[in-house]
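A.B. asks: Chains as they are written, first to last, in the numbering used here: chain R, 1 to 411; chain G, 1 to 153; chain U, 1 to 356.
No lab work stands behind these hints, which were simulated from the structure alone. Among the clues, some could well be false.
Stated by the list, open to error - With the C-beta cut set under 10 Å, the calculated list includes, among others, these residues of chain U facing chain G:
#1 62
#2 75
#3 251
Built from N, CA and C at the ideal position, the CB exists for glycine as well.
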Amino acid sequence: MTRASMGLLVAAAVVMAATGAMRAAVPIAQGRTSSPTAVAPHVVESPGQPPDAAFKDDVHARAGLTCASCHGGPKPGGGYATIARTAIAPLCAKCHADAAYMKTFAPQVRVDQYAQYQTSVHGRQMAKGETRVATCSDCHRAHGIVAVRDTRSPVAPTHVAQTCGRCHGDPARMTPFNRSPDIPGDWSKSVHADALLKRGDTSAPTCSTCHGSHGATPPGAESVANVCAQCHVREAELFKKSRKAELFRSMGQGDCLTCHSNHHIEPPQASWIGLDEKALCATCHDDTMPGAAAITTVRAGFDDLQGRMAAAREVLGRAETAGMLVEDGKLALHNAGEAHVRLRVLVHTFAAAPFDDVLKEGVAAANEARTVGTSAMSELQYRRRGLAVATLVILGFLGTLLVKIRRLPAT
Amino acid sequence: MGPRTSPEPAPASGRRSVLSWLLGTWSAGVLGAIAFPVLRYLVPPEVPEATTLSVKGGSASALAPNSARIVPFGSTPALVVRAPTGEVRAFNATCTHLACTVQYRTDLEHIWCACHNGHYDLNGKNIAGPPPRPLTEYDAHVQGDEIIISKRT
Amino acid sequence: MRTWLTERGPVAEVQEAIAHKTVPQHRYSLWYYLGGMTLFFFMVQVVTGILLLLYYRPSSAEAYDSVQFIMTRVPFGWLVRSIHSWSANLMVGAAFVHLFSVLFLKAYRRPREVSWLTGVLLLFLTLGFGFTGYLLPWNELSYFATRVGTDIAGVVPGVGEFILTFLRGGKDISGATLTRFYGFHVAVLPAIATALIGLHLLLVQYHGMSVPPSVEEEAARAGRSVPAMPFMPHFALRDLFGWTVALALLAGLSAYLPWELGHKADPFAPAPAGIEPEWYFLWTFQALKYMPAHILGIEGELVAIAVMGLGAVALVLLPFLDTNTRRSRAIVTWLAVGALVFMVTMTLLAVGGSQP
Numbered sequence: 001m002t003r004a005s006m007g008l009l010v011a012a013a014v015v016m017a018a019t020g021a022m023r024a025a026v027p028i029a030q031g032r033t034s035s036p037t038a039v040a041p042h043v044v045e046s047p048g049q050p051p052d053a054a055f056k057d058d059v060h061a062r063a064g065l066t067c068a069s070c071h072g073g074p075k076p077g078g079g080y081a082t083i084a085r086t087a088i089a090p091l092c093a094k095c096h097a098d099a100a101y102m103k104t105f106a107p108q109v110r111v112d113q114y115a116q117y118q119t120s121v122h123g124r125q126m127a128k129g130e131t132r133v134a135t136c137s138d139c140h141r142a143h144g145i146v147a148v149r150d151t152r153s154p155v156a157p158t159h160v161a162q163t164c165g166r167c168h169g170d171p172a173r174m175t176p177f178n179r180s181p182d183i184p185g186d187w188s189k190s191v192h193a194d195a196l197l198k199r200g201d202t203s204a205p206t207c208s209t210c211h212g213s214h215g216a217t218p219p220g221a222e223s224v225a226n227v228c229a230q231c232h233v234r235e236a237e238l239f240k241k242s243r244k245a246e247l248f249r250s251m252g253q254g255d256c257l258t259c260h261s262n263h264h265i266e267p268p269q270a271s272w273i274g275l276d277e278k279a280l281c282a283t284c285h286d287d288t289m290p291g292a293a294a295i296t297t298v299r300a301g302f303d304d305l306q307g308r309m310a311a312a313r314e315v316l317g318r319a320e321t322a323g324m325l326v327e328d329g330k331l332a333l334h335n336a337g338e339a340h341v342r343l344r345v346l347v348h349t350f351a352a353a354p355f356d357d358v359l360k361e362g363v364a365a366a367n368e369a370r371t372v373g374t375s376a377m378s379e380l381q382y383r384r385r386g387l388a389v390a391t392l393v394i395l396g397f398l399g400t401l402l403v404k405i406r407r408l409p410a411t
Numbered sequence: 001m002g003p004r005t006s007p008e009p010a011p012a013s014g015r016r017s018v019l020s021w022l023l024g025t026w027s028a029g030v031l032g033a034i035a036f037p038v039l040r041y042l043v044p045p046e047v048p049e050a051t052t053l054s055v056k057g058g059s060a061s062a063l064a065p066n067s068a069r070i071v072p073f074g075s076t077p078a079l080v081v082r083a084p085t086g087e088v089r090a091f092n093a094t095c096t097h098l099a100c101t102v103q104y105r106t107d108l109e110h111i112w113c114a115c116h117n118g119h120y121d122l123n124g125k126n127i128a129g130p131p132p133r134p135l136t137e138y139d140a141h142v143q144g145d146e147i148i149i150s151k152r153t
Numbered sequence: 001m002r003t004w005l006t007e008r009g010p011v012a013e014v015q016e017a018i019a020h021k022t023v024p025q026h027r028y029s030l031w032y033y034l035g036g037m038t039l040f041f042f043m044v045q046v047v048t049g050i051l052l053l054l055y056y057r058p059s060s061a062e063a064y065d066s067v068q069f070i071m072t073r074v075p076f077g078w079l080v081r082s083i084h085s086w087s088a089n090l091m092v093g094a095a096f097v098h099l100f101s102v103l104f105l106k107a108y109r110r111p112r113e114v115s116w117l118t119g120v121l122l123l124f125l126t127l128g129f130g131f132t133g134y135l136l137p138w139n140e141l142s143y144f145a146t147r148v149g150t151d152i153a154g155v156v157p158g159v160g161e162f163i164l165t166f167l168r169g170g171k172d173i174s175g176a177t178l179t180r181f182y183g184f185h186v187a188v189l190p191a192i193a194t195a196l197i198g199l200h201l202l203l204v205q206y207h208g209m210s211v212p213p214s215v216e217e218e219a220a221r222a223g224r225s226v227p228a229m230p231f232m233p234h235f236a237l238r239d240l241f242g243w244t245v246a247l248a249l250l251a252g253l254s255a256y257l258p259w260e261l262g263h264k265a266d267p268f269a270p271a272p273a274g275i276e277p278e279w280y281f282l283w284t285f286q287a288l289k290y291m292p293a294h295i296l297g298i299e300g301e302l303v304a305i306a307v308m309g310l311g312a313v314a315l316v317l318l319p320f321l322d323t324n325t326r327r328s329r330a331i332v333t334w335l336a337v338g339a340l341v342f343m344v345t346m347t348l349l350a351v352g353g354s355q356p
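Could you put the whole structure together from the sequences, leaning on the hints where they help?
C.D. replies: Structure below.
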């Protein structure tokens with residue numbers, strides 16, 4: 001054998017050994033971690049922690065992997081070689097795209113992350129050699145990687161926006177790509193951020209919910225409604241059947257976005273509906289166009305119901321403070337509230353007809369609530385009047401008794 | 001005019017009897033003001049008990065398999081379901097996500113919340129969508145043609 | 001009719017006794033009405049209590065809802081319940097005023113020691129009525145107030161644990177406590193109270209009303225007897241007057257200051273801030289707060305309870321401790337003043353929300 005081919009064989013053997021070591025299903029009990037050696041400072045992903053310390057918490061460490069598993073053997077002077085940014089995703093994919101291998105650690109685990117990544121904007125840019133986009137370690141960390149459901153993970157639902165925001169909220173990073181750095185900030189003011197971060201409702205969408213995580217791409221104009229429809233089923237159904245769907249498509253408007261925006265989604269108000277200048281409808285509609293009547297009717301309906309509910313709430317509150325019990329009224333008000341929710345969904349038909357039926361129900365419930373409140377107040381008045389009568393009778397009695405006592409013969 | 005022989009008391013007894021009469025009338029009034037509420041109280045009201053532990057869920061024969069109805073239970077709505085298999089079940093109809101009222105979907109043959117697409121199976125367990133917890137189940141018994149639903153204590 | 005009855009029972013004798021009963025008239029006579037006032041409130045409690053019994057359910061699952069049912073669905077249920085709650089408080093108030101008036105007017109002197117004894121026991125019973133009744137609506141405030149109250153009972157060394165378990169029907173406040181308190185409130189305490197009230201009234205009739213020492217001395221010096229008014233009709237009609245005013249007061253309070261129901265008790269929720277017992281226990285509650293953690297090595301709370309216990313014993317034995325000399329009576333007066341000032345101050349401090 002020639003020296004070159006010997007060398008090649010040795011190199012091959014080394015590579016195989018290295019990959020074999022990486023892939024070795026070392027029982028967790030044996031978990032080897034290499035002894036900490038002096039490490040040259042490099043990109044620290046886990047805040048404030050050097051890699052060897054961070055790695056102690058890592059799921060890979062628990063699975064028995066070591067520094068060498070990813071970095072190869074230590075450098076002659078100590079420390080480990082840095083992995084090139086373009087090489088990170090393929091490196092991770094060596095295991096995470098191998099179904100048979102991954103199954104030995106967890107029976108039900110996805111292995112399409114790399115394939116998804118390659119379809120994403122980040123993946124495509126990275127493939128072209130643009131290293132200023134995200135790769136695996138930017139979101140999951142390089143060392144100290146924990147499961148997505150672990151609340152310490154930067155990709156746990158409550159942290160996702162913060163993690164994406166590290167680049168997408170940074171003007172310095174976004175300007176070279178001509179992208180707005182305002183989006184994470186916009187999202188943080190939305191109802192979804194409120195639900196997720198303030199109320200702890202983990203079903204609320206964050207960046208990855210709508211854009212995907214590994215295959216992150218903004219949904220296109222056709223698919224916006226489909227994305228929102230994951231949760232807002234009824235609204236999407238009604239919208240698709242309404243005349244707006246066709247219209248918006250032909251205008252290239254992104255369905256839901258037109259009225260609700262994509263990131264800074266605010267709680268919808270009745271004042272959005274109308275022909276006055278503050279209303280959303282007025283962006284396109286005026287009172288000469290078809291639909292003006294429907295808009296006016298719908299807005300009037302909302303105002304009417306909200307007014308009645310407010311009146312009912314006020315009188316029920318007064319009755320309760322006065323000591324009357326008004327459970328029936330509260331139930332009726334709850335039902336009126338339910339009708340109100342349904343009305344807000346029915347807005348998406350952009351027609352007056354189905355709206356009217358539910359409006360009637362809501363108005364009836366609100367009226368009932370108000371009636372309970374007012375009858376409680378009049379019951380209170382009735383009680384006080386009854387008391388006044390009884391007191392008068394008692395006073396009459398006391399007066400006469402006093403006279404009788406005075407008239408008694410002296411003792 | 002002769003010497004007055006009639007004694008002093010005559011006008012006084014007149015006053016006394018007026019006084020006694022007045023006193024009698026007023027005391028009757030006072031006693032009446034006490035007796036009236038007491039007697040009304042003793043008569044049982046139309047709904048003889050608090051509807052907080054159990055409530056009527058409507059006619060059993062009018063509830064076909066794979067259908068449901070909403071009835072008020074205290075201050076919250078309750079969902080009374082007859083499963084496709086014929087069993088009657090009842091749940092607190094308040095969705096555990098954001099408190100919308102759930103409904104029964106005959107096409108899906110299980111319970112659904114329209115607000116954010118939450119799904120519950122016929123045991124009340126949350127099986128898809130945002131709801132974090134199952135629906136509270138009530139006991140449902142059929143007595144004659146009446147469904148009685150009651151809270152589990 | 002009357003003759004028929006007269007033949008069959010001691011009707012004539014009772015009538016004679018009432019006709020001859022007199023009540024001393026002097027500058028302190030007003031205080032004579034207080035015993036009857038307390039009795040009036042008690043009778044109101046019995047009547048309204050029996051009415052409430054017809055609709056109330058003594059189980060932890062149903063109690064709160066049954067009270068709400070009474071207040072919203074039963075005709076005049078709101079009136080019956082509010083009167084019951086207000087009358088309870090007014091009864092305790094009247095009982096205390098009656099106690100202090102007897103203390104200051106020295107009506108416990110020989111031969112009225114047994115009357116005094118029954119009276120003090122009746123006071124303790126009244127407090128017991130208040131404590132047990134307070135839990136029955138099973139709302140937040142009452143649940144936690146009962147817990148605090150029974151906790152204090154458990155502080156007593158030795159028997160404390162037993163007393164606590166006996167009161168609570170278990171280690172903690174539960175449905176068992178409710179049933180037990182209900183039994184005490186509607187059966188046990190009323191039975192004992194009826195017997196004691198009967199004895200108390202009988203003795204009052206037997207001995208007649210006591211005349212305060214100063215009035216007695218004045219009359220002795222002037223060489224005449226203390227003027228008196230016939231019980232029937234003079235005193236009785238005035239009594240009736242007072243009772244009717246009290247009735248009007250109860251009705252007015254119920255219409256303008258109806259008794260709250262609050263929220264249903266949730267044993268698993270943390271105690272809301274500012275839990276305190278009813279006003280007549282506030283002085284003990286506040287006094288306990290001021291006790292230092294330890295006094296001479298004994299727990300401060302324990303010392304306070306011991307002192308209060310000794311006070312109660314002293315109260316019971318008072319007629320035997322007071323030797324009826326001028327000096328002895330003066331000491332009792334000053335002690336009574338001190339106790340009154342202490343109780344009022346502590347109550348006001350508690351109401352004002354002051355913390356040690």
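A.B. asks: Now, for every hint given, state plainly whether the structure supports it.
C.D. replies: Evaluated hints:
1. With 10 Å as the threshold, the beta carbon of residue 62 of chain U comes within range of chain G, its nearest partner Cβ sitting at about 6 Å, so the hint holds.
2. A distance limit of 10 Å between C-beta atoms decides the matter here; for residue 75 of chain U the minimum to chain G is near 4 Å, and the interface restraint holds.
3. Because the beta carbon of residue 251 of chain U sits about 8 Å from the nearest beta carbon in chain G, less than 10 Å, this interface hint is met.
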